[in-house]
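A.B. asks: This is what each chain is made of:
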Amino acid sequence: MNIQSMILALQTYWSKQNCILMQSYDVEKGAGTMSPMTLLRSLGPEPWNVAYVEPSRRPDDGRYGQNPNRLYQHHQFQVVMKPSPDNIQELYLDSLKALGIDPLEHDIRFVEDNWENPTLGAAGLGWEVWLDGMEITQFTYFQQIGGLEANPVSVELTYGIERLASYIQDKENVFDLEWTDGVTVKDIFLQPEYEHSVYTFEESDADMLFQLFLMYEKEAGRIMEKGLVFPAYDYVLKCSHTFNLLDARGVISVTERTGYISRIRQLARRIAKAYVAERERLGFPMLSKEVQ
Amino acid sequence: MAKDALFEIGLEELPARFIDQAESQLRQQTEQFLKTQRLSYTSLQSFSTPRRLAVLIQGLAETQTTIEEEVKGPAAAIARDDAGNWTKAAIGFTKGQGVTVDDIYEKEIKGTAYIHVKKKIEGKPTLDLLPQFETIITAIQFNKNMRWGEETLRYARPIRWLVGMYGTDVIPFNITGVHSSNVTYGHRFLGGKIILNEANDYVDVLKAQYVIVDSSDREEMIMTQIKEVATEKGIHVPVDHDLLEEVRNLVEFPTIFVGAFDNNFLELPADILITSMKEHQRYFPVKDQDGKLLPLFIGVRNGDHHALETVIRGNEKVLRARLSDAQFFYEEDQKTPLDIHLEKLDRVIFQEKLGTLADKVVRVRHIAGKIADKIDLTSEVQAHVERAAHLCKFDLMTQMVNEFTELQGVMGEDYALKYGEHPGVAAAIREHYLPKHASGALPETVEGSVLSIADKLDTITGCLAVGLKPSASQDPYGLRRQATGILRILEEKGWSVELEDLLDIAIKLYASLDLVQMSEQHIKEEVIAFFHTRASYLLRDHQIEQDVVHAIIHHKIGRYPYAVERAHLLSVKRHEASFKPTQEALVRVLNISKKAETSHIDPDLFQTDSERALYEAFTRISPLVQSAQEEANAADALHHLEKLTEPIHHFFEQNMVMADDARVRKNRLALLHAIANVISNYADLSLVEWKQQF
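The listed protein sequences derive, respectively, from chains A and B.
Read in order, the letters of the first sequence are residues 1 to 292 in this note's numbering.
Read in order, the letters of the second sequence are residues 1 to 694 in this note's numbering.
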């Protein structure tokens, strides 16, 4: 099964479970969790079921396209359901069947893993799902988002697309994976992997990035004051990515590092509060929709 | 007629580390519940798997045990009137208790007679009481709890089904909207939905559905299979018990398999291979009969033999990817010169208030150097300590330790040897992290021991000096563990160095640093108090009782190994009848000497022979005690002190210490004060609770 078919299968499956199929969010981010479709929407009382593919950038993991397991940008298939359904584990396992993975032919385990993202003031409890010893999914019940208690609790499933594909296609090197018939990951991503690595580690302009960080941070703060939650959040994402670039460039000392993380966290906290307040002001529209 | 009762909590996969503890809580609380509810039973078994906690009570009585209760009524004097008839008060009392006046009897309480009756409390039906079991389930405590869906309950993982049965009856209760029933579930993939006909079927019915509910049975299955494969293949599988316990709690039906990896990975240090297999993948490493690692591993699958080849292939692929990564890091790290690793230390924060790792290394070098001065070390060993202190953190900058953090120190040693460092230096780098936990292995080399003490002393003093004192429940920097580590190393090495002198090195250093605001005196108080508490705990671990601990270390901890020795000796002496006269004499001196105003003794002012005799004995014995103390000979020192017994008793029999003549009085007190000093340098015997039996 090529990656394209895997994505289609997952989309079809989760669409049948009443998830809204979204597209990737158009601001750079390190993980699917950071899309407002997860991070903001999992806040507050409104029900929310969504599935989407998220290209996730981790500048520090760039390896010039030389490493068989690491990428500057990989893909996550993200599912969020709020409140978490009682049969979520069964739903998840059935999604593996949709990928042609028969649990009876494998060893599937739920191994304790507690997830935490200090930059976003977010934490959750759950598992890594192991398929024959390989971690293929992060399975998390959100407990806290942007410093706020998650209530009701959302469940988040994050499938590592390339990981899963390397198992399904039985390939040792991520670049050998078939995206669609006759087209490999190498064909599509080798050049960007190489160029992004060169940029990240050798060419990025640190002074400019520092300036950008300050500008993004300031703008996020400014428009948050005006109750513009979503635009403010976009700037927080930009702060986060800019910080990741600076960090990978090796220009942020460890002391400063903690400082930057806590600045982003402060913004995320304020936005989380502002988002809930704004939804409340609107009367939690999706909640009343369900009641009707 | 008695019947069996069963309770089962069906859960999403519990963390393996919670399971044993949760099962034992469930068991204990059930026993407690049955006891307070006066419900008799013949036996009780508890079970656990990643997906369930259960308790089976066999032969549980159908009703509570009936008991008789004695109820006290009014005083006999007001229970009868003058004619001897029961009064209204007495009749009212009996009515209230559901009995008649014929049941009344009298009983005296503190000299007054009261009327009493015996009331029978009939047992309620068991079936009516068992729904309360709900509270036992929700009372189980886990290390970490979560919420799910719209529920408010905090529990280790979501509850998905509940079984409550008594005989064939369902016991009704519900938790988080889940209603109890007689329905349970077998293995997630190999089993199905199960309707239990009666409680007692539990173990067998689940076994048929690929769930081994008894964790020790699962452990035994794993061990049996490992032994079979070991014999068959002529291999040796050293089974780590912690790993075995974890693995048995990751599966409901264990089937082991043997996987292989490429021979060339065996060139990596064994610790890397073992960490990859054990810590990351929960595999058992495999050795040959000579104890050499083989390119094989044993994994445990949650299921049966079906398609085991696929499972093996998948696991081999994962391990191969991990080991390839490790191999890559191993080669890359060694391409980087040692100095480059060291340079990076000033970019990494050790602790926000305590600067970078480079700062820490400078401090550790200083402290280690001063410690080395205090211990009799050859110049070669001193040089090793100095070099190892300089290098001790470099491996934290390597890619390998970045990826495999548990290999800190281990990689330091391995790489240091490759960089051409002396084996003593390399070993010290590894050993300075020891002991890793309260009872963990200690450093073996002198270099490693000194460096370990220096590193820990730096962390403890530093944290306390910037106000990062551990709280009752939180010790994020492991300060307690580290202080205990220092004391254990000192004890094991038997070094004749005063703990306070070692602490002083770090205290003085921190007092001189800009990053610290606390005064030297304040730091000292904090550090000494901290070690005092740790030493007390550690001595208590040696079965030394609290009062003896106080007596030994109240004044100072001093040479810790010697403190341990004196504590052991006193713990014996306090029970010996023959020691009683000595202890009485010495304690009397300690008590009365507190009144002394001066320590100047003027022999010309002695009035009596007994006074002079005590003074003479003191001047003769005091140096003997002192030199025995210096040699850390606890028995000899006490033996010499015992020789003061008779002169002291004579002194008290024949002299009034509080003489009318002020000069005589002061002089007598000064003599006692001098003697008291010698005694309390050994131990403050006035703090001991003597326990001789006569």
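Treat the hints as calculated values from the structure; they're not laboratory data.
Just to be clear, a hint being listed does not mean it is correct.
Okay, derived cross-link-like pairs now, DSSO-like style, lysine-lysine, Cα gap no bigger than 27 Å in a straight line [claimed, not checked]: (1) K35/B <-> K95/B; (2) K317/B <-> K186/A; (3) K508/B <-> K370/B; (4) K97/A <-> K418/B; (5) K317/B <-> K97/A; (6) K171/A <-> K317/B; (7) K16/A <-> K193/B; (8) K171/A <-> K278/B; (9) K278/B <-> K370/B; (10) K273/A <-> K278/B.
This structure is a prediction, so every number in the text was calculated from the model and none was measured.
A.B. asks: If you draw a straight line from the CA of K97/A to the CA of K418/B, is it 27 Å or shorter?
C.D. replies: violated, 49 Å
A.B. asks: Taking only the CA atoms, is the gap from K171/A to K278/B under or equal to 27 Å?
C.D. replies: holds, 25 Å
A.B. asks: For the pair supplied as a hint, K317/B and K186/A, confirm whether the alpha-carbon distance does not exceed 27 Å.
C.D. replies: holds, 21 Å
A.B. asks: Would you mind confirming whether the straight-line C-alpha gap from K16/A to K193/B stays at or under 27 Å?
C.D. replies: Between K16/A and K193/B the Cα gap is close to 25 Å, so the pair holds against 27 Å.
A.B. asks: Is it true that the CA of K317/B sits at most 27 Å from the CA of K97/A?
C.D. replies: Given that 27 Å is the threshold and the Cα spacing comes to 21 Å, the pair holds.
A.B. asks: Please verify whether K508/B and K370/B have alpha carbons no more than 27 Å apart.
C.D. replies: Roughly 12 Å separates the two Cα atoms, so the pair holds.
A.B. asks: Please work out if K278/B and K370/B have their alpha carbons no farther apart than 27 Å.
C.D. replies: violated, 40 Å
A.B. asks: Is K35/B within 27 Å of K95/B, Cα to Cα?
C.D. replies: With a Cα-Cα distance of about 30 Å, the restraint between K35/B and K95/B is violated, given a limit of 27 Å.
A.B. asks: Hey, K273/A versus K278/B, does the alpha-carbon distance stay inside 27 Å?
C.D. replies: violated, 43 Å
A.B. asks: So if I understand the rule, the pair passes when the alpha-carbon distance is 27 Å or less; does K171/A with K317/B pass?
C.D. replies: holds, 9 Å
When each numbered hint is compared with the structure, violations occur for hints 1, 4, 9, 10.
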